[in-house]
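Chain order of the listed sequences is A and B. Position 91 (the first sequence) corresponds to 91 in the numbering used here; numbering is contiguous. Position 96 (the second sequence) corresponds to 1096 in the numbering used here; numbering is contiguous.
What the hints contain is simulated information worked out from the structure, not anything from laboratory work. Don't take each hint at face value.
[As the list claims (entries may be wrong)] With a cut-off of at most 20 Å between alpha-carbon atoms, the simulated EDC-like pairs for lysine to aspartate or glutamate come out as follows: (1) Lys-1210/B x Glu-1140/B; (2) Lys-1335/B x Glu-1345/B; (3) Lys-1210/B x Glu-52/A; (4) Lys-1210/B x Glu-1170/B; (5) Lys-1211/B x Glu-79/A; (6) Lys-1211/B x Glu-83/A; (7) Lys-1261/B x Glu-1281/B; (8) Lys-1232/B x Glu-1303/B; (9) Lys-1211/B x Glu-1160/B; (10) Lys-1210/B x Glu-79/A; (11) Lys-1232/B x Glu-1298/B; (12) Lys-94/A x Asp-5/A; (13) Lys-1211/B x Glu-1281/B; (14) Lys-1232/B x Glu-1334/B; (15) Lys-1232/B x Glu-83/A.
The structure displayed is predicted, hence computed values, not measured ones.
Read off the chains here:
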Amino acid sequence: MIAMDEQSHPVLARGVRLRNDPITGEPILLFPEGVLPLEATMHDIISRCSGESTVASIILALAGEYEMDQDTVRQDVCEYLAELRQRMLIAFSK
Amino acid sequence: MNYRPYLLLAELTYRCPLHCPYCSNPVAYPGGRELSTEEWRRVFGEAAQLGVLHVGFSGGEPLGRADLADLAAAARAAGLYTNLITSAVGLQRQRAAQLHQAGLDSIQISFQSDQESLADQIAGTKAHAVKLQAARMVRELGFPLTVNVVLHRGNIGRLEQIISLAEGLEAERLELANAQYYGWAFANRAALLPTRSQIAQAIEVVGAQKKRLLGRMEILFVTPDYYSERPKPCMNGWATRFLTVNPVGDVLPCPTASAIKGMSFENVRTRSLDWIWNRSESFNRFRGTAWMPVPCSECPMREIDFGGCRCQAALLTGDANLTDPACALSPYREKLTSFVESMQEDDTASLGRLSFRQNPK
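All chains should be built: construct the whole structure from the sequences, respecting the hints.
In structure tokens, the structure reads:
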């Protein structure tokens, strides 16, 4: 898995668009030749990838929102962000 | 069952400055006028209504259309994600900036190899240096970049260097597309088909490089069906997720379907895309599993590979209704295998005699 710097700021990679599917109304990511439907948790994470929040602050916010312990949320968020990076759908700025 | 198209391949023109001997364009071009800007605008709107999310501008060389920026803007206005699939020949800075302004989302540039001499030999024209320049400029303008390289006997041995080229260009994605043997590529398949050892070597290189480039560049590679036991799930099933509109307005389930003898296809000038997608005979012909012959109809893989490719069945057996001969269960597989075996002796990795793609008259 890709190592995650929790102080970096995840942001949608260039050419990646977050929008609602006009047919189903569900959130999706659009990128070159691809579509990724977003489940609720995924959407919660992705919609915070604005380049403003650090990985750490996203974990903190979601742990609060879900009333879950941070370590569990950390693991999910880091795994998911690593997967998105592997597909070149997000970038990390310092 | 309801089918929804996600991707529209918009073949804007058959004209192209390149002459690649594996081009997916038909060997015999259909007659008729190219669709106008207004006609394409209507097609994009109708496609979006049907649920299409992506449009790929292709050809030929889509830059051959002077109205390309208008078409990109029209597709964006319809809500579509827009991707330009180009040789990059003719993509000067001013043109690219104009496309950026029009809202074009991403650009895919083809390369024929990493070496200029080999690349230009395959393209049948001097193009490699121009492509390099264009790719760098595309990055400067902020477009995401996909590099596409069609692989065959003549360049697959240079996979490592090809991957380095894409890495150096800072592409997000590299599509290593094994030549698909239809149309021009079928006419040239004895010269183009890699050997088994070349494929094995390629799989090894791709595996190692994927690992090395994890998180920096995505590499896409699929083992070619001539060397597989099972057919590819072509287009995810006939008329299931994709549609192609060719330069003269014919609507096809895939770019090569026009070569299937005995089939006729509808045209956007006489029918709506909705009617063609949902009601035309051509789009419904091989949908689902009801059309399938034995062994497909009894096969547990039938909803995974959909019986393979209809175009390949037509090309290799003369009958589009049969199992794709790439499948080990096809009675025609033996014939395909003996062709593949006959290609193993000559391991010189050099291209044989090629017939290069011609432009329409």
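Of all the hints given earlier, name the ones this structure violates by number, lowest first. Numbers 1, 3, 13 and 15 - these are the hints that the structure violates, sorted from lowest upward.
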